[in-house]
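*Asks:* Residue-level listing of the chains:
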Amino acid sequence: MATTGIRGQARQDAIAGWLFVAPALAILGIFLVVPILFAAYYSFTDWNGISPPTEARLIGLRNYYDLLLSGGIKQQDFFKALKNTTYFALGVVPLQTGAALVLAVIVNQRGLRFKDFFRTAYYFPSITSSIAISLIFLFLYQKSGLVNYVLEVITFGRWEPIAWLADARGLFHILLEPLGITLRTGPEFLRAKVAGLTLWDWISGPSVALTAIMLQNSWTTTGTMMVIFLAALQDIPSFVYEAAQIDGANNWQIFWKITLPLLRPTLFFVITLGLIGTYQVFDQIYVMTSGGPAKTTLTMAYIVYRNGFRNSEMGLGLATAVLLFAIIFLLTMLQRRITEAREG
Amino acid sequence: MRHRTLWTLLAALTVLAMVLAACAVPAAPQAPAEEAAPAQEAAPAEEMAPEEEAQVVELTLMGWASSEAENTRLQQVVDVFNEQNPDIQVTLNLVPSYDEKLQASLAGGSPPDVFYIDSFRLPDLVEAGALEPYEPQALDPDDFYPSLRNAFTWDGTFWCPPKDFSTLALEYNKDLFDAAGLDYPTPDWTWDDLRAAAEALTDPDNGVYGIVLSADFARWIAFLYQAGGSVTDEGYTQMTINSPEALEAMEFYVGLVLDGYAAQPSDLDSGWNGEAFGKGRAAMAIEGNWINPYLQDQFPDLNWGVTELPSGPGGQATMAFTVCYGVPAAGMYKEESFRLVNFLTGPEGMQMWTDLGLAMPTRRSLREGWLEKFPALEPFLNGAEYAHKWQFVPGFSDVMDTINSGLQEAMAGTKLPEDVLAEAEAVGNEILARWRERKGQ
Amino acid sequence: MTISHAPPRGRSRPLSTVLWDRTRLVLSYAILFGLALAFFYPFTLAVTTSFKPLPEIAANPVKLLPDQWTLEGYRRMVGLNVDRWLFNSAFVAVCITLGNVILASLAGYALSRVPFPGREALFLAILGTMMIPGIVLLIPRFILFKLLGMIDTYQGLIVPGLVTSFGIFLMKQFFESIPVELEEAAFMDGASRFQIYWNVVLPLTRPAVIALTIFSFQGSWNDFMGPLIVISTNQDLYTLPLGLAFLRGGIGQNLQWNAILAGSMLTTLPMALIFLFFQRYFIEGISYAGLKG
Numbered sequence: 566m567a568t569t570g571i572r573g574q575a576r577q578d579a580i581a582g583w584l585f586v587a588p589a590l591a592i593l594g595i596f597l598v599v600p601i602l603f604a605a606y607y608s609f610t611d612w613n614g615i616s617p618p619t620e621a622r623l624i625g626l627r628n629y630y631d632l633l634l635s636g637g638i639k640q641q642d643f644f645k646a647l648k649n650t651t652y653f654a655l656g657v658v659p660l661q662t663g664a665a666l667v668l669a670v671i672v673n674q675r676g677l678r679f680k681d682f683f684r685t686a687y688y689f690p691s692i693t694s695s696i697a698i699s700l701i702f703l704f705l706y707q708k709s710g711l712v713n714y715v716l717e718v719i720t721f722g723r724w725e726p727i728a729w730l731a732d733a734r735g736l737f738h739i740l741l742e743p744l745g746i747t748l749r750t751g752p753e754f755l756r757a758k759v760a761g762l763t764l765w766d767w768i769s770g771p772s773v774a775l776t777a778i779m780l781q782n783s784w785t786t787t788g789t790m791m792v793i794f795l796a797a798l799q800d801i802p803s804f805v806y807e808a809a810q811i812d813g814a815n816n817w818q819i820f821w822k823i824t825l826p827l828l829r830p831t832l833f834f835v836i837t838l839g840l841i842g843t844y845q846v847f848d849q850i851y852v853m854t855s856g857g858p859a860k861t862t863l864t865m866a867y868i869v870y871r872n873g874f875r876n877s878e879m880g881l882g883l884a885t886a887v888l889l890f891a892i893i894f895l896l897t898m899l900q901r902r903i904t905e906a907r908e909g
Numbered sequence: 504m505r506h507r508t509l510w511t512l513l514a515a516l517t518v519l520a521m522v523l524a525a526c527a528v529p530a531a532p533q534a535p536a537e538e539a540a541p542a543q544e545a546a547p548a549e550e551m552a553p554e555e556e557a558q559v560v561e562l563t564l565m566g567w568a569s570s571e572a573e574n575t576r577l578q579q580v581v582d583v584f585n586e587q588n589p590d591i592q593v594t595l596n597l598v599p600s601y602d603e604k605l606q607a608s609l610a611g612g613s614p615p616d617v618f619y620i621d622s623f624r625l626p627d628l629v630e631a632g633a634l635e636p637y638e639p640q641a642l643d644p645d646d647f648y649p650s651l652r653n654a655f656t657w658d659g660t661f662w663c664p665p666k667d668f669s670t671l672a673l674e675y676n677k678d679l680f681d682a683a684g685l686d687y688p689t690p691d692w693t694w695d696d697l698r699a700a701a702e703a704l705t706d707p708d709n710g711v712y713g714i715v716l717s718a719d720f721a722r723w724i725a726f727l728y729q730a731g732g733s734v735t736d737e738g739y740t741q742m743t744i745n746s747p748e749a750l751e752a753m754e755f756y757v758g759l760v761l762d763g764y765a766a767q768p769s770d771l772d773s774g775w776n777g778e779a780f781g782k783g784r785a786a787m788a789i790e791g792n793w794i795n796p797y798l799q800d801q802f803p804d805l806n807w808g809v810t811e812l813p814s815g816p817g818g819q820a821t822m823a824f825t826v827c828y829g830v831p832a833a834g835m836y837k838e839e840s841f842r843l844v845n846f847l848t849g850p851e852g853m854q855m856w857t858d859l860g861l862a863m864p865t866r867r868s869l870r871e872g873w874l875e876k877f878p879a880l881e882p883f884l885n886g887a888e889y890a891h892k893w894q895f896v897p898g899f900s901d902v903m904d905t906i907n908s909g910l911q912e913a914m915a916g917t918k919l920p921e922d923v924l925a926e927a928e929a930v931g932n933e934i935l936a937r938w939r940e941r942k943g944q
Numbered sequence: 574m575t576i577s578h579a580p581p582r583g584r585s586r587p588l589s590t591v592l593w594d595r596t597r598l599v600l601s602y603a604i605l606f607g608l609a610l611a612f613f614y615p616f617t618l619a620v621t622t623s624f625k626p627l628p629e630i631a632a633n634p635v636k637l638l639p640d641q642w643t644l645e646g647y648r649r650m651v652g653l654n655v656d657r658w659l660f661n662s663a664f665v666a667v668c669i670t671l672g673n674v675i676l677a678s679l680a681g682y683a684l685s686r687v688p689f690p691g692r693e694a695l696f697l698a699i700l701g702t703m704m705i706p707g708i709v710l711l712i713p714r715f716i717l718f719k720l721l722g723m724i725d726t727y728q729g730l731i732v733p734g735l736v737t738s739f740g741i742f743l744m745k746q747f748f749e750s751i752p753v754e755l756e757e758a759a760f761m762d763g764a765s766r767f768q769i770y771w772n773v774v775l776p777l778t779r780p781a782v783i784a785l786t787i788f789s790f791q792g793s794w795n796d797f798m799g800p801l802i803v804i805s806t807n808q809d810l811y812t813l814p815l816g817l818a819f820l821r822g823g824i825g826q827n828l829q830w831n832a833i834l835a836g837s838m839l840t841t842l843p844m845a846l847i848f849l850f851f852q853r854y855f856i857e858g859i860s861y862a863g864l865k866g
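Residue numbers (my numbering), protein chains in the order written: chain R, 566 to 909; chain Z, 504 to 944; chain H, 574 to 866.
Just to be clear, a hint being listed does not mean it is correct.
[Claimed, not checked] Cross-link-like lysine-lysine pairs, in silico, DSSO-like; alpha carbons within 30 Å at most:
| hint | chain 1 | residue 1 | chain 2 | residue 2 |
| --- | --- | --- | --- | --- |
| 1 | Z | K942 | Z | K677 |
| 2 | Z | K918 | Z | K892 |
| 3 | Z | K918 | Z | K837 |
| 4 | Z | K677 | R | K708 |
| 5 | Z | K892 | Z | K876 |
| 6 | R | K758 | Z | K918 |
| 7 | Z | K837 | Z | K876 |
| 8 | Z | K918 | R | K708 |
| 9 | H | K719 | Z | K942 |
| 10 | Z | K942 | Z | K837 |
| 11 | H | K719 | R | K708 |
| 12 | Z | K837 | H | K719 |
| 13 | R | K708 | R | K822 |
Rather than coming from a laboratory, the hints here were simulated on the basis of the structure.
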């Protein structure tokens, strides 16, 4: 009994183990792995999305060439989207992470009341549908809407209302203008083309419209990040602070020397989450701007959709998606490298 | 004990399968009447149809949703067809986000039996082999205006009959003109008249502009033709958009905005030109006759008139936007589908459809009857004589995007019109070359 | 909550420190309440605007309270079949939540406790799929749905969401924190693997199951990209976010703000109610995921 029992147990476990994971595995296999294979294959075809997929022809690296090297419109749009998305990430990730961290530290103060209320209030937008929020902000960002109104009130009427989501001017361009640098007055090298776009285009910064969506996005996600930080903060045993206080450290020193290092894993988790999220921003663009004005809110995720479903170039759309995958993968890897280097 | 484990596992998986099965209920049947809970809808769809309605062919007619009046009228026309043809039952399905959804349903699946096609979109669909040609089934095709027939002819084949059409005309707010002491616009206006009136009507203190102009290729193109310019040459071999005429047209169009006599809809808290015009924030607008039911519905008190577009240096020109009823090559009931198409675009169906004044009949034989009913809308109909078609080659939406984007920047003053045109030319030539290359293969 | 204003330890605190503490607290409240207002006010304005007639909104989109209350916006939404969208959203979310809890906990249990050949490799593979960004799946999933005939069906809305790699990961991590001794006792009594999972381990995982329930439900309820691809022409299968996104309409249609905001509120309200009732679990869930992740 004893010997067969052990062997029998091993066999039983093998069966049970695989049976337990089988349903999950089937679903992940069919709806995650198979599509990835499709994506890889069809990104080498000219499938238009109208005729049956079986009629698609293999065209080698043509789609990738069009996107990366051709110098044509597909390349321009791709790099425009890459530029916009990168500005988006560079704006949103630090903003939401920083704001969330500061808020978490403030809320976590000893002696502060209404903690639960603040936590609830800040977390609330995170549970709301991105579509609903986009529609609400579409309303608020109108020229005569709330955002302009508030800005007018707090600047005592000096603020000129703008149609936020129709404003294609780049933030950096706006900042450069008072310095006398515009495309016409700036040095000649700004007109040089790099990867399909002029240097002047590359340094535009996010457009006003994209900035509006960036602020909205931060508004939505800061709460989630704050709750994560708060949980991590509350995990730090209080004797650590007390010891530091006895040693005569002030609050500022405690934050930089103790709290922040202890939060490092959480910080990197939040940044990774932010990066992955921002590089895929789609819903807001679909509802609010469709990539306009003047393509300044065209994002990577949105051109995947646009190329595939709107412009009837599924092959090209898939190649875009594969490249986006590669970019997100590289960013995550890079970030992991940095984390490990710091910790090690 | 081993048996027991296996049995428990099997039991568990069965339960799981049942849960999933309960969730994975088949789609609700298409018939809108069905409002039962989905869990009960699972079976009937397949069981009932063959028994009771064995002889009836069910067709779906897919289009995009418009104003409520328009949707209701189309349903009425379809109801008449259903009555006259007991062997065919047509269901109308008006979907948002139409182009994407049409493409999605064409791709190797079960496409709708009849669907709208915009003239701009036709080449994409034809060259993807998605359409069944209308020509062999055509009902009195010579009665259609040649320019409209032409808009649905590609590679020498007449693919689908136009259901109606609209042309761009100039709408003006009579009260604002009266207040400014100006005469109403007339068909013999020139660009200079338009500009002078826009200047005189602009009233920045009240937030009123002379005219509302959108950064839209489909509006600016009328000015391009009025200037004597063109987009491509006859055979689509190369772009001709980077011309002095085009530059003049763009400088005029953009100049109205830069000089402050015109504004974009978004600057007037509006989603489109018609809304800004209806709200009285702009004294003039350039839109098609779809603006008519819209204004009647949303701004019934607005006192407005319409006239033909002004002439530019190259004479009179406007755009004709038209939509046809297409039948998919992969359709199940093509014969019945064409019967429906011929009813909708035949004299009776078309008259019913157009006598609300929403859109204009595409058959010349219906012209006089329609004009008697809607004399005020004559300017739209007159445009048909000199209208250009809204159609280029497959993949041309990239060019349209480029021009829209360029117009936006030019109106913001961040790009020069000549740069916009140079870019449009480059992108256009790339698209034309790409198209020829694909055709050659 | 810990004791506020801890008594001075050892030496008495100088007056300046006490003053600074006070100022800091006041400043903190100012920031926190100001931000709370910034988070709540847009929703409040959206709610009240959804009860305004259209001309009033056009005249002044900033004013909080309507001069004239109307249900026009909600009526329009009912005309658009919003009740059906609501049902679809709820139905799909419930199915997906059930599936996730069952499938992820089964798989998570096996991966953490049942020694079976290939387990380590399998877990790594599942972790790997977590790296796949959803947007990459947009078009290929469409192809797959076409091939499987899942376009315009409930299956298409539900089945792909029945389990997520994240859910499996979360459950596995949690099972590993449960002491093995509990199971060993049951083993000695001759219980099968499934019995142990069902009777012993699962009841201990309440926090993780609740977290997973909330994530799954919220994810499904708010999902837009999934339905956008699956639902093509059958408008009876719209979920709330999908129907809502199409309200922007096209040319010839006004933005009917009262209806749009009414729809937004109808989408937000059920989640908000669930959130208010189960607040603690939401916060715990996200904190838990954050700490584990």
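*Asks:* It remains to establish, for every hint, whether it holds in the given structure.
*Replies:* Tested hints:
1. With a C-alpha separation of about 51 Å, the suggested pairing of Z/K942 with Z/K677 is violated against the 30 Å cut-off.
2. For the suggested pair Z/K918 and Z/K892, the alpha carbons sit about 28 Å apart, so the restraint of at most 30 Å is met.
3. Pair hint Z/K918 plus Z/K837 does not hold up; C-alpha atoms about 50 Å apart against a cutoff of 30 Å.
4. With a C-alpha separation of about 26 Å, the suggested pair Z/K677 and R/K708 falls inside the 30 Å cut-off, and the hint holds.
5. Distance restraint check for Z/K892 and Z/K876: the Cα-Cα separation of roughly 26 Å lies within the 30 Å cut-off, and the hinted pair is therefore satisfied.
6. Note on R/K758 and Z/K918: the hinted pairing holds, with a Cα-Cα distance of about 16 Å set against a maximum of 30 Å.
7. Distance check on the hinted pair: Z/K837 and Z/K876 sit about 35 Å apart at the alpha-carbon level, beyond 30 Å; violated.
8. Between Z/K918 and R/K708 the CA atoms are separated by roughly 23 Å; this keeps the pair inside 30 Å, and the hint holds.
9. About 27 Å separates the Cα atoms of H/K719 and Z/K942, which keeps this hinted pair within 30 Å; it holds.
10. At roughly 27 Å between alpha-carbon atoms, Z/K942 and Z/K837 fall within 30 Å of each other, so this suggested pair holds.
11. A distance of roughly 43 Å separates the Cα atoms of H/K719 and R/K708; the hinted pair therefore is violated under the 30 Å criterion.
12. Distance hint between Z/K837 and H/K719 is fulfilled; the C-alpha atoms sit about 22 Å from each other, no more than 30 Å.
13. Between the alpha carbons of R/K708 and R/K822 the distance comes to roughly 46 Å, so the proposed pair goes past 30 Å and is violated.
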